[in-house]
Amino acid sequence: MTFTIPIDNGDALKNAETDSQRTLYPYVTGTSIVAIKYKDGVLMASDMGGSYGSTLRYKNIERVKAIGKHSLLGASGEISDFQEILRYLDELVLNDNMWDDGNSLGPKEVHNYLTRVMYNRRNKFNPLWNTLVLGGVKNGQSYLGMVSMIGVSFEDNHVATGFGNHLARPILRDEWHADLSFEDGVKLLEKCMRVLLYRDRSAINKLQISKITEEGVTVSQPYSLKTFWEFQAFHNPTAGAQGSW
Amino acid sequence: IRAHIRPFKEKTKASKRKSFSVQTLLRNKDEEEAKMFRNQYDTDVTTWSPTGRLFQVEYAMEAVKQGSAAIGLRSRSHVVLASVNKAQSELSSHQWKIFKVDDHIGVAIAGLTADGRVLSRYMRSESINHSFTYESPLPVGRLVVRLADKAQVCTQRSWKRPYGVGLLVGGLDESGAHLYYNCPSGNYFEYQAFAIGSRSQAAKTYLERRFESFNESSREDLIKDAILAIRETLQGETLKSSLCTVSVLGVDEPFHFLDQESIQKVIDTFEKVPEEEEDGGEAEAEAAAAPAEQGGAGDQDVAPMEM
Numbered sequence: 001m002t003f004t005i006p007i008d009n010g011d012a013l014k015n016a017e018t019d020s021q022r023t024l025y026p027y028v029t030g031t032s033i034v035a036i037k038y039k040d041g042v043l044m045a046s047d048m049g050g051s052y053g054s055t056l057r058y059k060n061i062e063r064v065k066a067i068g069k070h071s072l073l074g075a076s077g078e079i080s081d082f083q084e085i086l087r088y089l090d091e092l093v094l095n096d097n098m099w100d101d102g103n104s105l106g107p108k109e110v111h112n113y114l115t116r117v118m119y120n121r122r123n124k125f126n127p128l129w130n131t132l133v134l135g136g137v138k139n140g141q142s143y144l145g146m147v148s149m150i151g152v153s154f155e156d157n158h159v160a161t162g163f164g165n166h167l168a169r170p171i172l173r174d175e176w177h178a179d180l181s182f183e184d185g186v187k188l189l190e191k192c193m194r195v196l197l198y199r200d201r202s203a204i205n206k207l208q209i210s211k212i213t214e215e216g217v218t219v220s221q222p223y224s225l226k227t228f229w230e231f232q233a234f235h236n237p238t239a240g241a242q243g244s245w
Numbered sequence: 001i002r003a004h005i006r007p008f009k010e011k012t013k014a015s016k017r018k019s020f021s022v023q024t025l026l027r028n029k030d031e032e033e034a035k036m037f038r039n040q041y042d043t044d045v046t047t048w049s050p051t052g053r054l055f056q057v058e059y060a061m062e063a064v065k066q067g068s069a070a071i072g073l074r075s076r077s078h079v080v081l082a083s084v085n086k087a088q089s090e091l092s093s094h095q096w097k098i099f100k101v102d103d104h105i106g107v108a109i110a111g112l113t114a115d116g117r118v119l120s121r122y123m124r125s126e127s128i129n130h131s132f133t134y135e136s137p138l139p140v141g142r143l144v145v146r147l148a149d150k151a152q153v154c155t156q157r158s159w160k161r162p163y164g165v166g167l168l169v170g171g172l173d174e175s176g177a178h179l180y181y182n183c184p185s186g187n188y189f190e191y192q193a194f195a196i197g198s199r200s201q202a203a204k205t206y207l208e209r210r211f212e213s214f215n216e217s218s219r220e221d222l223i224k225d226a227i228l229a230i231r232e233t234l235q236g237e238t239l240k241s242s243l244c245t246v247s248v249l250g251v252d253e254p255f256h257f258l259d260q261e262s263i264q265k266v267i268d269t270f271e272k273v274p275e276e277e278e279d280g281g282e283a284e285a286e287a288a289a290a291p292a293e294q295g296g297a298g299d300q301d302v303a304p305m306e307m
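Sequence order for the protein chains is A and B.
Per full-length UniProt numbering: the first sequence = residues 1 to 245.
Per full-length UniProt numbering: the second sequence = residues 1 to 307.
In short, the hints are calculated from the structure, not lab data.
One should not assume that every hint holds.
Unchecked claim - Sample of chain A residues facing chain B (criterion: CB under 8 Å; computed from the structure): (1) Asp100; (2) Asn103; (3) Glu109; (4) Tyr113; (5) Tyr119; (6) Arg121; (7) Asn123; (8) Lys124; (9) Gly151.
As the list claims (entries may be wrong) - Ranges of calculated distance between the beta carbons of each label pair, as one might list FRET restraints: (10) B/Asn129 with A/Arg57: 54 to 60 Å; (11) B/Asp149 with A/Arg201: 21 to 27 Å; (12) A/Gln21 with B/Ser131: 53 to 59 Å; (13) A/Tyr52 with B/Gly176: 48 to 54 Å; (14) B/Ile128 with A/Ile150: 39 to 45 Å; (15) B/Ser125 with A/Thr218: 26 to 32 Å; (16) B/His256 with A/Glu175: 31 to 37 Å; (17) A/Arg57 with B/His256: 45 to 51 Å; (18) B/Ser262 with A/Asp156: 42 to 48 Å; (19) B/Glu190 with A/Gly53: 34 to 40 Å; (20) A/Glu175 with B/Gly176: 38 to 44 Å; (21) A/Ser80 with B/Val145: 49 to 55 Å; (22) B/Ile128 with A/Arg201: 42 to 48 Å; (23) B/Val118 with A/Lys206: 56 to 62 Å.
Stated by the list, open to error - Some chain A residues well away from chain B (every beta-carbon gap over 10 Å; in silico): (24) Gly106; (25) Lys108; (26) His111; (27) Asn126; (28) Asp174; (29) His177; (30) Asp184; (31) Phe228.
Yeah, the Cβ is synthetic: ideal placement off N, Cα and C, and Gly gets one too.
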């Protein structure tokens, strides 16, 4: 996908320069994030892959990070843009802490700040090529929201990015309910991640599940899901096929 | 004493001046010497006096004392701001002295009301910008610091003058209700209750007697105390709802003004109380009124902004 704003000053060389200042397409990308609200807070699942086009180049990228005391941010899309966002948020949290006045940024505030940033960049035709998932708990209230690279933002009980929207959300719509226990929540997320592993070519079998509650953030150690490939249909895949193709 | 001071020249200078500064600040005989220095070092805000004071800033704080009274008090969950309605003449309407900054922040001013309006506009702007970016109310403590920093700038630029208005800022944040006083000097202080403007000493005396109970006060008692404090500043004039403006904000209550009927109802509950309470109150008020009328600067050796 290429965006080009015609800059008509007859200077092709200079145009190339200004074009290279804007994000035109992503290079190293992360795939889906899936997140749900549960009894004590929010659970977020992501794999650790960074694809370079169709190559699964990086296999140890953490795509979910803690923000301040109350929030968790997961990102899919361009990894370098995610790192840039983490720098912005770092500064934001630092300034918030420096006030030292008993007030602190909650997940709602961070979500709205990110919405403003993403939307502003989109208006300048220089987007941060990410879809972000922001979850958190503050004063007993759980919060889960999403912001896309064009600034579309909303809250929900369960969210997913990229392929997760097509493969994971339908499962969540059927099986999510309020007050899931931690074990049930993890099982549900693993079910979604397994489907993504089977069907999303940029997914890898190395995932982390992050949890945020009133107490704080925990990020699990990376682990893999069990997969099953012994379906009958795989033994003789062309058995039912007729014709020349 | 510096060698270059020439007494005769000083005297001429003093008499030529409109003497606002000299007149209000010369209570204490010990300040004769200071009088000579004042006129030399008070022309602009970026000039220090030999005793380490910025007279222009202190004069700005005098302006606050000339305005009509404004009072603020807070409990754990509510803040009440009240002011006296002073009108230029019988024909005109009264000055608005209390402004809504946001649903959770209000401000009462005393002094140059024009400066107060400008600062209220700044506060509204900051508050709404924060709300837009973070979808969350701006904590009042952070707003007050920005306001104070803005005032400080005017004390350190030769082409500016300090804002001649004191602001009582009441608002909420995560830790509950707060009341702050912002000075033209750029200082700010947090209070349980405070009064500014003319005859505010009478109100302060009343508040000093009661403030320890304010934290646990109910909303109604807080309003009643505010109106009673206003009454103290009126020095015997009958308290009517048309003479005062009262505003409330609280944890589940956005900032709003009380209508005249509600105020009158509260007044009716205590105006009926017989002379005993009123006499006691008035005697104290009279004693406190004397220094208050003179602006209160004469009874301290320390510059007001060092408070």
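Status of each hint after checking the structure:
no., hint, result
1, Asp100, "violated, 10 Å"
2, Asn103, "holds, 4 Å"
3, Glu109, "holds, 4 Å"
4, Tyr113, "holds, 6 Å"
5, Tyr119, "violated, 11 Å"
6, Arg121, "violated, 15 Å"
7, Asn123, "violated, 15 Å"
8, Lys124, "violated, 17 Å"
9, Gly151, "violated, 13 Å"
10, B/Asn129 with A/Arg57: 54 to 60 Å, "violated, 42 Å"
11, B/Asp149 with A/Arg201: 21 to 27 Å, "violated, 54 Å"
12, A/Gln21 with B/Ser131: 53 to 59 Å, "violated, 32 Å"
13, A/Tyr52 with B/Gly176: 48 to 54 Å, "holds, 52 Å"
14, B/Ile128 with A/Ile150: 39 to 45 Å, "violated, 25 Å"
15, B/Ser125 with A/Thr218: 26 to 32 Å, "violated, 41 Å"
16, B/His256 with A/Glu175: 31 to 37 Å, "violated, 47 Å"
17, A/Arg57 with B/His256: 45 to 51 Å, "violated, 60 Å"
18, B/Ser262 with A/Asp156: 42 to 48 Å, "holds, 43 Å"
19, B/Glu190 with A/Gly53: 34 to 40 Å, "violated, 58 Å"
20, A/Glu175 with B/Gly176: 38 to 44 Å, "holds, 42 Å"
21, A/Ser80 with B/Val145: 49 to 55 Å, "violated, 36 Å"
22, B/Ile128 with A/Arg201: 42 to 48 Å, "holds, 47 Å"
23, B/Val118 with A/Lys206: 56 to 62 Å, "holds, 59 Å"
24, Gly106, "violated, 7 Å"
25, Lys108, "violated, 6 Å"
26, His111, "violated, 8 Å"
27, Asn126, "holds, 19 Å"
28, Asp174, "holds, 31 Å"
29, His177, "holds, 27 Å"
30, Asp184, "holds, 31 Å"
31, Phe228, "holds, 45 Å"
Hint compliance for this structure: hints 1, 5, 6, 7, 8, 9, 10, 11, 12, 14, 15, 16, 17, 19, 21, 24, 25 and 26 are broken, all remaining hints hold.
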